Amino acid sequence: MRHRPRPGLPVLRICPRDALGADPEPGAEDLGARRPPALPAQIVWAEADQLSFGDCHGGPPFPRGKTHISKKLTRYLNWIGVPTKVFNVGEYRRKAVKQYSSYNFFRPDNEEAMKVQKQCALAALRDVKNYPTKEGGQIAVYDATDTTRERRHMILHFAKENDFKAFLIESVCDDPTVVASNIMEVKISSPDYKDCNSAEAMDDFMKIISCYEASYQLLDPDKSDRDLSLIKMMDVGRRFLVNRVQDHIQSRILYYLMNIHVQPATHHLPLGKKFASALSKFVGEQNLKDLRVWTRQLKSTIQMAEALKLTYEQWKALNETDAGVCEELTYEEIRDTYPEEYVLREQDKYYYRYSTGESYQDLVLRLEPVIMELERQENVLVICHQAVLRCLLAYFLDKSTEEMLYLRCPLHTVLKLTPVAYGCRVESIYLNVESVSTHREKTEDAKKGPNPLMRSNSFTPLASPEPTKKPFINSFEEHVASTSALPGCLPPEGPTQLPGQNTKDSYSSADSSKKQ
Numbered sequence: 001m002r003h004r005p006r007p008g009l010p011v012l013r014i015c016p017r018d019a020l021g022a023d024p025e026p027g028a029e030d031l032g033a034r035r036p037p038a039l040p041a042q043i044v045w046a047e048a049d050q051l052s053f054g055d056c057h058g059g060p061p062f063p064r065g066k067t068h069i070s071k072k073l074t075r076y077l078n079w080i081g082v083p084t085k086v087f088n089v090g091e092y093r094r095k096a097v098k099q100y101s102s103y104n105f106f107r108p109d110n111e112e113a114m115k116v117q118k119q120c121a122l123a124a125l126r127d128v129k130n131y132p133t134k135e136g137g138q139i140a141v142y143d144a145t146d147t148t149r150e151r152r153h154m155i156l157h158f159a160k161e162n163d164f165k166a167f168l169i170e171s172v173c174d175d176p177t178v179v180a181s182n183i184m185e186v187k188i189s190s191p192d193y194k195d196c197n198s199a200e201a202m203d204d205f206m207k208i209i210s211c212y213e214a215s216y217q218l219l220d221p222d223k224s225d226r227d228l229s230l231i232k233m234m235d236v237g238r239r240f241l242v243n244r245v246q247d248h249i250q251s252r253i254l255y256y257l258m259n260i261h262v263q264p265a266t267h268h269l270p271l272g273k274k275f276a277s278a279l280s281k282f283v284g285e286q287n288l289k290d291l292r293v294w295t296r297q298l299k300s301t302i303q304m305a306e307a308l309k310l311t312y313e314q315w316k317a318l319n320e321t322d323a324g325v326c327e328e329l330t331y332e333e334i335r336d337t338y339p340e341e342y343v344l345r346e347q348d349k350y351y352y353r354y355s356t357g358e359s360y361q362d363l364v365l366r367l368e369p370v371i372m373e374l375e376r377q378e379n380v381l382v383i384c385h386q387a388v389l390r391c392l393l394a395y396f397l398d399k400s401t402e403e404m405l406y407l408r409c410p411l412h413t414v415l416k417l418t419p420v421a422y423g424c425r426v427e428s429i430y431l432n433v434e435s436v437s438t439h440r441e442k443t444e445d446a447k448k449g450p451n452p453l454m455r456s457n458s459f460t461p462l463a464s465p466e467p468t469k470k471p472f473i474n475s476f477e478e479h480v481a482s483t484s485a486l487p488g489c490l491p492p493e494g495p496t497q498l499p500g501q502n503t504k505d506s507y508s509s510a511d512s513s514k515k516q
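Under full-length UniProt numbering, the sequence shown has 337 at position 337, and the numbering climbs by one with no breaks.
FYI, nobody ran anything at the bench for these hints, they're computed from the structure. Predicted, not measured: the structure shown is a model, and the values here were computed from it. No incorrect hints appear here.
Computed list of lysine to aspartate or glutamate pairs in EDC-like fashion (alpha-carbon distance at most 16 Å, straight line): (1) K316 to E358; (2) K194 to E91; (3) K165 to D227; (4) K309 to D290; (5) K118 to E91; (6) K85 to D127; (7) K85 to D398; (8) K118 to E150; (9) K85 to E135; (10) K316 to E373; (11) K289 to E378; (12) K416 to E285; (13) K316 to E368; (14) K207 to D109; (15) K316 to D362; (16) K98 to D195; (17) K299 to E313; (18) K274 to E434.
Beta-carbon label-pair distances, calculated as ranges: (19) D247 to H153: 20 to 30 Å; (20) D174 to S251: 26 to 36 Å; (21) Q303 to G136: 42 to 52 Å; (22) R149 to Q286: 43 to 53 Å; (23) K194 to K118: 17 to 27 Å; (24) Q303 to Y255: 27 to 37 Å; (25) R107 to T311: 47 to 57 Å.
Every residue, glycine too, gets a C-beta built ideally from N, C-alpha and C.
Kindly produce the complete structure, drawing on both the sequences and the hints.
Below, the structure is given as structure tokens:
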């Protein structure tokens, strides 16, 4: 495939901090030492037809990063195409109680506050119940401090009443260093402490911990909770105890939690033959310990990796999108040679699959093992092209599929991504190497075209709504066909929306390559 001049390639660097943890709890089923997942939490989720539901709370002494892990898990599930949403009871509480006063609100003998907390929890559960019908959701993560069996039984009863399948995840850690780190990184930046200094916030939150410690009841998979589907994480993810995992999505969640970091990581994404030299100099100045370099299986990216004079690994999964019959063609050539294919892709860039090639959706699924390994590693440089980079950026920045398609990836610039509590901080570092803009704006075809019909060999469980290719377009100007012209392909009510698919016009932009 021909491209416009491309002075360089994208690179991803990850450098998380080492996680801390105590010795494993004896007697539990050990699934092996792992890089710890995002600061611990307990999660319950339930599934019914098109919905899954979740409840998150931390183990003693409470600051176990339930919101952090809830948001990270939600980001992952959305990225792989499973519509997921977090329902944070703390946000409901902040709306009900405009001004937070102190830890007294969480004291178990504060009956008025306890009533408010329960009402907020019930309000969140009502929204969870409506999530699948009103928003088309599949998984709802219920993020709350459900530290007693009584509260957990309420959640389980809710799941049973609504024909949801319940799944719990509990994390237990007694390492005071990890707990303190979580408080300093997450809790003192909470809206509750926006008018407090760090010392005041720390003192107040430690008192909140004391309020919960007295009543917290651990999950007991050997006795009272033996019939529940649950995962128990010990010492910030060093060990896992698993009980009655029942289906594929629960296994996917377990797989993800066993690979993610507890502590924040830093990612560098250099973009864009002069650049290789500049990148080598930049990497040398960073003094990165045990830096690992990953590259796709193409000469240009391998040459860039060799310029770094570091050991590198080649990943087939990092190869650029396969354009099938359109390989080696520019956008203009595709438009002239295959006008129908051109229009189909403009109208639905994420789900469109090149004939005998790949779609963006295929690329996301191919990159999932890369994401898992990135979450486990420390310092890593990943060298890839822009379509792959967009998919990786969409994961770390929590972007929707529509947003992912037109993410700007400037060449000769290092994008430094630092995952923080509930998000990711981005820094742009220009390496002073001349480059051209390869960004491609959304076209008029993408703006006004209907949701396209796809060829028979393009259908996948999460792909475009109809496995039938629409009639050939004789001229480029005739590309916007009316639904009345397609009686044999399109049902009267319009295309069927599959789970996870947004049938609204997608926003398409890319670099000079048609595969981007």
